[in-house]
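What follows is each chain in one-letter form.
2 protein chains.
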Amino acid sequence: MTLRCIALDAMGTDAAPLPEIEGAIHAARAGYARVLLVGDEGKLRREIARHASRDLPIEVVHASEVITMEDAAAKSFRRKRDSSMRVAARLVRDGKADGMISAGNTGAVMTTAKIVLGPLEGVDRPALAAVFPTSRGRAAVMLDVGANVDCKPRHLEQFAVMGEIYYRVIFNASRPRVGLLSNGEEEHKGNDLTREAYGLLKQLPLDFVGYVEGRDLYNGRVEVVVADGFIGNVALKISEGLIEAISSLLKEALSATLSSKVGYVLSRKAFQNFKKRVDYSEYGGAPLLGVRGVCMICHGRSNANAIKNAIRAAAEFSAGRVNEKIESELSAAALSRAST
Amino acid sequence: MTLRCIALDAMGTDAAPLPEIEGAIHAARAGYARVLLVGDEGKLRREIARHASRDLPIEVVHASEVITMEDAAAKSFRRKRDSSMRVAARLVRDGKADGMISAGNTGAVMTTAKIVLGPLEGVDRPALAAVFPTSRGRAAVMLDVGANVDCKPRHLEQFAVMGEIYYRVIFNASRPRVGLLSNGEEEHKGNDLTREAYGLLKQLPLDFVGYVEGRDLYNGRVEVVVADGFIGNVALKISEGLIEAISSLLKEALSATLSSKVGYVLSRKAFQNFKKRVDYSEYGGAPLLGVRGVCMICHGRSNANAIKNAIRAAAEFSAGRVNEKIESELSAAALSRAST
Chain P
1 MTLRCIALDA MGTDAAPLPE IEGAIHAARA GYARVLLVGD EGKLRREIAR HASRDLPIEV
61 VHASEVITME DAAAKSFRRK RDSSMRVAAR LVRDGKADGM ISAGNTGAVM TTAKIVLGPL
121 EGVDRPALAA VFPTSRGRAA VMLDVGANVD CKPRHLEQFA VMGEIYYRVI FNASRPRVGL
181 LSNGEEEHKG NDLTREAYGL LKQLPLDFVG YVEGRDLYNG RVEVVVADGF IGNVALKISE
241 GLIEAISSLL KEALSATLSS KVGYVLSRKA FQNFKKRVDY SEYGGAPLLG VRGVCMICHG
301 RSNANAIKNA IRAAAEFSAG RVNEKIESEL SAAALSRAST
Chain H
1 MTLRCIALDA MGTDAAPLPE IEGAIHAARA GYARVLLVGD EGKLRREIAR HASRDLPIEV
61 VHASEVITME DAAAKSFRRK RDSSMRVAAR LVRDGKADGM ISAGNTGAVM TTAKIVLGPL
121 EGVDRPALAA VFPTSRGRAA VMLDVGANVD CKPRHLEQFA VMGEIYYRVI FNASRPRVGL
181 LSNGEEEHKG NDLTREAYGL LKQLPLDFVG YVEGRDLYNG RVEVVVADGF IGNVALKISE
241 GLIEAISSLL KEALSATLSS KVGYVLSRKA FQNFKKRVDY SEYGGAPLLG VRGVCMICHG
301 RSNANAIKNA IRAAAEFSAG RVNEKIESEL SAAALSRAST
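Protein chains in written order, with my numbering: chain P, 1 to 340; chain H, 1 to 340.
Don't take every hint at face value.
In this list, chains with the same sequence are indistinguishable; a pair is considered to hold if it fits within one copy or across any two.
Under the rule of at most 25 Å between Cα atoms (straight-line distance), these lysine-lysine pairs were calculated in the DSS-like manner [what the hints assert, rightly or not]: (1) K325 - K152; (2) K189 - K114; (3) K114 - K251; (4) K75 - K269.
Quick caveat, the hints were computed from the structure, so don't treat them as lab data.
Values in this document were obtained by computation on a predicted structure and should not be read as measured data.
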């Protein structure tokens, strides 16, 4: 298999460009992909020279502007035509890269990818998919986690198809189970949107188990969780907030007495293993499903490990022909609907 | 102050009637309230005789039927006219008790309370409010967590008024901050529902801080979180699921090696303190705000401690005149809207 080429916005993380450069070096060394680092050329070349030998498959592509967290997505897209994320997107559109990755302003990355790359055939709304761990040791994926706030039932149907294919390819699963996030398991539960979407999902040729509840996100009952972007985003951020709160409460409790401090020291390795299992950075970034090419969006706080894993995931996404499968299965679903 | 009287559905918890009886005894001993235990009279009298002396302020009221978790809410309300939760509600409606508590089928308790007790003046939709801990050591309250799945903006406005008053009275706070749960902090975020509700909440005479994100639930940024019942329910259950998943992963990690096992033994007390701080049962039940009288709904897995705390919260709810305040503030809000 030929090495995939990934365009990496080098100016995205809070600590840019270091995590990007280190992540690119690790990924290139591991043979995951060829990496085009996009950003201020002089700065990037200096940093790379400090960290890596010349024979790694890493190139620098210059971009003169950076979109910040304060920039509004639509405005910054119009005004900063030479931003690092837009140059990365253009490399994909023009066939010079197979996929793009950015840890910058999520709204701006989504706007850029949707406009520059454009949607796949049959996709009304690209969706952001987040990967997270479950207590069964398997990963699960939830979508949409923030690209589309007010959704129609047919959007949720497309999310189900896209998420299922993504999970199948990336996690090498033959028939992942798909659930629709709701306030109860019974079919009469849900709101107006989910009740109508339920009927559509039932007719798809995938393993739809029906409604799942908030508690099912982490118990591994399904591999793919479908939700509109408003509730998906709230769900994801609740989890992040709760993990932070639990960590700080636990740290406080463990440093309260001498015996608990000693206990902590003895079990530190266990905590590190535990933290690694709930660490989102192990899964790299969140793919924006439904655009041409590949677009992975990483957290602004991503470290080199998260960037490295995102590069691997983007390369696998491209090699696994996720987009071709999405287009053909959406077209099959539309045909089967037309014939009934 | 006269002792409040609380009607307790004794057949609600998964282990009924034991947690109810023990909780009632603890609450009565602590002087929180007089308790009317509602359920199978013979059974209850036998159990009480085993556990308590005769001079506690506990009485038994007979009810011949029990609503189970399998019963559909509306159907069971029509068919089981002598169910323990319905008899408890009638005691409140007829002025024989100040409030009712049930740990039974949540949907059935809500239906029963809404129909038998009826809504307060100015309230379109009663809302279920959940109390949970934050990392700042303060409690926060979120509503609605499941009574109303498809909401209008004016319902969210009423939830804000009711939740703020409840928090003020029960947690003795002079000016709790109120936030509207959304997918981002900026005013242009949110979905169609929250954007319209935002305008209404801004005009209320309370400390509305605007949108809050999922991560703000547990960091203590606000004391009152307003959401529609669909998203509130999902949010609550995600938290429960994640806490369970983290506990089991942590337990696994801590028993993996000898040193981590020893570490766990040394820090066990710290874990117990920690668990107590994230334990929902410390806050008793969830009040159904907006009905006449008081209705607290407890988790089916409630233990005696949770029941005891629910009895205390119900008595404080009644003594604090929460309902009078809700009616007068909603009427003031309606007047001020009419005059502009």
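These are the hints, each one checked on the structure:
no., hint, result
1, K325 - K152, "within (23 Å within a copy, 39 Å between copies)"
2, K189 - K114, "between (33 Å within a copy, 19 Å between copies)"
3, K114 - K251, "neither (42 Å within a copy, 43 Å between copies)"
4, K75 - K269, "neither (47 Å within a copy, 54 Å between copies)"
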